[in-house]
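So the protein lines, in turn, are chains A and B.
Following the numbering used here, the numbering of the first sequence begins with 1 at its first residue and continues without gaps.
Following the numbering used here, the numbering of the second sequence begins with 379 at its first residue and continues without gaps.
Heads up, a few of these hints could be off.
[Said to hold, decoys possible] For the chain A half of the interface with chain B, some residues (derived, Cβ under 8 angstroms), not all of them:
(1) 166
(2) 170
(3) 173
(4) 188
(5) 189
(6) 190
(7) 193
(8) 244
(9) 245
(10) 252
(11) 255
Hints in this document: simulated from the structure, not taken from any laboratory.
Don't be surprised by glycine CBs; every beta carbon is placed ideally from N, CA and C.
For reference, the chains in residue letters:
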Amino acid sequence: MWTALVAGLVALIACGFGFWLDPSRVLFAWLIAVLYVMTVVIGLMGVLVITYTMNAGWPTMVRRLAEAGMPVMPVLGVLFIPILVGVGHIYPWMHVAAFSDPAMHKILVHKLPYLNPTFFVSRSVFYLVLWSVFALLLRRWSVAMDQPPHPNLRPRLRVLSAVMAPIMGMTLTGAGTDWIMSLAPEWVSYIFGYYVMAVALLGGTAALTLAAYWNDRRSHLPVTVSHYYALGRVLFTFLVLWAYTAYFNYFITWIANKPSEVRWFVLRSVGPFRAMSLFTIFGHFGFPFVVLITYVVKRSRGLLAFMAAYLLIAQYFEVHWLIAPERDATRVFDWWDPVAVAAVALLSLAAALWAQRGRLLAPAFDPRFGEAARYESW
Amino acid sequence: MADTPVITGELSPPKLHEQLLSPMWTPRGRVFLFGLALSGLATLLGAFAITYSIWRGTGVWGNNIPVAWAFPIINFVWWIGIGHAGTFISAILLLLEQRWRTSINRVAEAMTLFAVAQAGLYPLLHLGRPWFAYWLVPYPATMHVWPNFKSALPWDAAAVFTYALVSLLFWYLGLVPDLAAMRDRAPGRLRKRIYGVFAMGWRGSVQHWRRYRVTYGLLGGLATPLVVSVHSVVSTDYAISLVPGWHETIFPPYFVGGAIYSGFAMVIILMVPIRRVFGMQNVVTTRHLDAMGKMLLVTGWVVAYSYIAEWFYAWYGGDYSEQYMFWHQYLFGPGAPVVWTALFCNMVVPQFFWSRRIRQNDLLSWVLSIFALVGMWAERFMIIADSLQRDYLPSSWYYYAPTWVDWSIFVGTMGFFALLFLLFVRFVPFIPTAEVMELAHEMQKEKQEEAAA
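Hey, can you work out the whole structure from these sequences and the hints?
In structure tokens:
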């Protein structure tokens, strides 16, 4: 925990220094880094919401690992402040110069009631506060079951999750539109909300699988092959869900060929971002699809953990691919990108580990824990 | 509050066997015969309207440019959507190891087949010259003329045909052990012979069951992507175009959500009378109603979310025609009552299913499910007819109204659906007997283990 904290702080200070040198470059790198980690944390929230709502028993074994990610949400809210402060360095609709183009002028004036600094910042604060409160409640009520007299708070968590599910879907759509889609103000894709949800769920499940493996290897948690098999199936399902939304996002845009829409993909399919687009198809989808569809891999601890780690890394490229071309279409990476992601990821990891210290690694007093421990699936 | 078990009452095999199979040979009452006659009459009306349409040409319908896709395509999408719950219950719930699927999967699968049959009829008639329907198939033609694969029509043909084929195989495979049971138990030689032919020599040996399990699992895996793919393909019929209100990347998940929503509504509409008329409350319990109500709530939210997203992005995108379509034509245009009906039935009505009491009340669930089906039909009317009535050129705006032939064909498909369904519950074991018996056995074993512990 301390190593992650110190290393994260060093990277944070470096980013602060970079901000002084070139605020626009560092803020873009910071946006990519924060949204990458945020998609993973929201994915973990999504997994918790789905398992509570469906009243699933087996995920109880690994639930606390997902809950460890919940205290990261308010930390990410704080780490998002530089974006809100430096919004003018990132979003083109903040620049007067963007209005000089007649076509752009029309669209930007139309969107002004929505895309203006006050409303943008207010919405962002609303999303971050709401998600933070929800995340903390999810963890707090679960941890409360560990303490005598071990109240059964599952029904309360189930109601909270069911009510929050549509709210999460809508706020995530709003956040995706504000923070990512509005980087290209002329572009619109109606499926973008589902797309962001799928990205988050895939990343969250990958992180959860990796955490399960990590704790299993250290003999902290009695995770069985059946749990890995279940996690593997969920990972595969979300991989397909993400590919489905990504495919239709591309296909419908491509075949209709509207100038205002295809620009977004043209930017990513020619020039330096072409390689990254091909990686998205073959590296982020093709390879994991072929591997994860097999029964053997889903039941193999090591192989599944490897695929989870692979997908977690691929998720960074996905978020990068969504944002970076709007920064500079001629250059894929910036030196500040790894520094920013190191700062955000390490500080988030430190926050998760700090919140987890002294806590049970599994909700052993949850009424469904026994069922989860006995879970068998062939 | 603990959930009701998926089977209640006595779980003894002979009693269950008798209860589930005897409706096939118990004489039917007047109500059944009245239903049969009514659905038969409606089918005849549909057949007459179809014959008339082919005889006179499609000019007898209300379709006219720019509303070239009207009733036929609205009803095609509505019916094919209804079919989705069958595949969802058979395939996805099977892979998710959900026990509550067991008692209702046969009815849902049959419903799928009968709904797909109605759906498939419409694009064929809409071709105008249905006798050339085989042109949609990429057969080795002498002139090397192939279907235009960039057109959505061959996609639909491929998607619907695959769907119908896999659904039929899945349904029939599940039926084989029950048909064999009918062969062994049905009174009269003729019945025994007929069921015997369809049972294809099933003897229930270990080898038979092993092969059955493997094939059933494989078909489940094959059918799972179909739940999503068919309606996604259907949605691209619209989304690939430039028509305002159609060109939306959200259409595939939005259509799939709506399809499963209407499908579960139809399963409730069919299951509620079945459990009452045949006294099946012990195998189709409040647990089933509760689970189906939750599915309606979840998929209703998918639809509601999609509406919110499309109305918002129509404004956000800034395209004038798109804004006009969503914020004026839909809400205040000539089709506004239909649009408001869709919004009410698909956004407000599912919210009733938050209440467990409503979910477990069969009569209320049944009434709300009818609203859901009406809502989904209204949604298809909104998307298809309302969008086409007013596109980019105000000079070509047109007010669409269906003719008596359109309505007659629609009533005919409903009648044909009902007729097939009534014949199905008369002659085919509509509750999967073998599966229910196996589940009852498992539940009894679990009870004994719990008692021993």
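When the least beta-carbon distance from residue 252 (chain A) to chain B is tested against 8 angstroms, hint result | This interface hint holds because 5 angstroms falls under the 8 angstroms limit.
Status of the residue 193 (chain A) interface restraint (C-beta, 8 angstroms, chain B) = OK, holds: residue 193 (chain A) within 8 angstroms of chain B, min 6 angstroms.
Against chain B, is residue 170 (chain A) within 8 angstroms by beta-carbon distance?
-> holds (7 angstroms)
Grab the minimum C-beta distance from residue 166 (chain A) to chain B and call the hint holds if it beats 8 angstroms, violated otherwise.
-> holds (5 angstroms)
Per the CB criterion, is residue 244 (chain A) less than 8 angstroms away from chain B?
-> holds (7 angstroms)
Would you check whether residue 190 (chain A) satisfies its interface hint, that is, whether its CB is within less than 8 angstroms of any CB in chain B?
-> Status holds, d = 4 angstroms.
Holds or violated: is the Cβ of residue 173 (chain A) closer than 8 angstroms to a Cβ in chain B?
-> holds (6 angstroms)
Taking the closest Cβ pair, is residue 189 (chain A) under 8 angstroms from chain B?
-> Interface hint status for residue 189 (chain A): holds (5 angstroms vs cutoff 8 angstroms).
Satisfaction of the residue 188 (chain A) interface hint, Cβ to chain B closer than 8 angstroms | This interface hint holds because 4 angstroms falls under the 8 angstroms limit.
Answer holds if the nearest beta-carbon of chain B is closer than 8 angstroms to that of residue 245 (chain A); otherwise answer violated.
-> holds (7 angstroms)
Under the criterion of a CB-CB separation shorter than 8 angstroms, is residue 255 (chain A) in contact with chain B as hinted?
-> holds (5 angstroms)
Figure legend: structure checked against the earlier numbered hints; every hint is met.
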